[in-house]
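*Asks:* Per the working numbering, the very first residue in the sequence shown carries number 154; after that it's consecutive.
It should be emphasised that the hints constitute simulated quantities derived from the structure, not laboratory data.
Please note that the accuracy of each hint is not assured.
What the hints assert, rightly or not - Cut-off 25 Å, straight-line C-alpha distance, at most; resulting in silico cross-link-like pairs (DSS-like, lysine-lysine):
hint	residue 1	residue 2
1	K230	K368
2	K269	K373
3	K226	K205
4	K319	K226
5	K373	K319
6	K345	K269
7	K238	K373
8	K238	K380
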Amino acid sequence: MQPLNENAERLARAMASRLPHKEVRKWVRENAAPYKEMMTYYQCAIMAVETKVRVMNEELSLKYDRNPIETIKSRLKTVESIAEKLNKRNLVPTIEVIEQNITDIAGVRIICSYEKDIYMIADSLLRQDDITLVEKKDYIQNPKPNGYRSLHLIIETPIFLYDRKKYMRVEVQLRTISMDCWASLEHKIKYKKDLPEDVAQELEVELYECAQLSKELDVKMEAIQRKADVFLDNGL
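Construct the complete structure from the given sequences, taking the supplied hints into account.
*Replies:* So, in C-alpha cells, the structure goes:
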C-alpha cells in the first residue's frame with residue numbers, strides 16, 4: 154500500500170487533472186488531510202475484517218481438522234480509481250459522497266478450498282452481531298456472462314477509535330482457488346489493450362470454456378474430499 158500522505162497528493166493530482174473546476178481544486182486543497190484520515194479508517198476496517206476471518210479459520214480448522222481458507226488478500230482502491238468513479242457518476246467530490254457511494258474502497262478477498270467453504274465462511278461472518286450486510290451478489294449461482302464466478306458481499310463493520318466507534322464499508326470477495334486463478338488471468342488479458350480484436354474475441358471464448366472447466370474441477374475436487382471424509386469417519 155502506498156503511504157497515505159503520498160496517496161493524498163496523488164488524489165489531488167488525479168482529481169485536479171480529471172475535474173479541472175474551481176470547486177474541485179478547492180476541495181483538493183482543503184481535503185487532503187480528511188482524505189488521509191478516511192483512507193486510514195478504511196485500512197483499519199480491512200484489518201478488522203481480516204482478524205475476524207483469521208479467528209474464524211482457526212476455529213473451523215479445529216472443528217473440521219482442516220483449514221477451509223487457503224489465503225486472505227486485501228487491498229485499498231487506488232486514488233486514480235476513486236477519482237475515475239467520481240467522474241463517471243458525476244458525483245460531488247466530498248468525503249461523505251465517497252463513503253456513501255463507492256463501496257469497494259476497502260477490499261478483502263478470501264480464497265477457500267471448496268465451494269461449500271465459501272458459503273460456510275460467508276454465513277459465519279454475517280452471523281456476527283457487529284457485521285451488517287449491505288449488498289450481496291452471488292456470481293457462483295449466477296455467473297457473469299463471461300464465466301466469472303465469485304461471491305461478493307458489501308458489509309459494514311465497526312472500527313474502534315480512541316474516542317468513538319465508526320462504521321466502515323468493506324467489499325468481501327470469496328472464491329475457490331480455481332475461481333481466483335481464472336479471475337486473475339481474465340483480468341490480465343482484459344487490460345492488454347494492444348490485442349487485435351479477433352484475437353481478443355478468441356481469447357474470450359477460450360476463457361469462457363476455462364470457466365466451465367474450472368466449475369467442473371471445483372465439483373470434482375469437493376466430491377473427492379467428501380469421499381475421503383466418509384472413508385476416515387467410518388474407519389475404512
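*Asks:* Each of the hints needs a verdict: does it hold here or not?
*Replies:* Structure-based check of all given hints:
{"no.": "1", "hint": "K230 <-> K368", "verdict": "violated (29 Å)"}
{"no.": "2", "hint": "K269 <-> K373", "verdict": "holds (13 Å)"}
{"no.": "3", "hint": "K226 <-> K205", "verdict": "holds (13 Å)"}
{"no.": "4", "hint": "K319 <-> K226", "verdict": "holds (23 Å)"}
{"no.": "5", "hint": "K373 <-> K319", "verdict": "violated (43 Å)"}
{"no.": "6", "hint": "K345 <-> K269", "verdict": "violated (34 Å)"}
{"no.": "7", "hint": "K238 <-> K373", "verdict": "violated (40 Å)"}
{"no.": "8", "hint": "K238 <-> K380", "verdict": "violated (47 Å)"}
When the structure is compared with the earlier hints, violations turn up for hints 1, 5, 6, 7, 8 and for no others.
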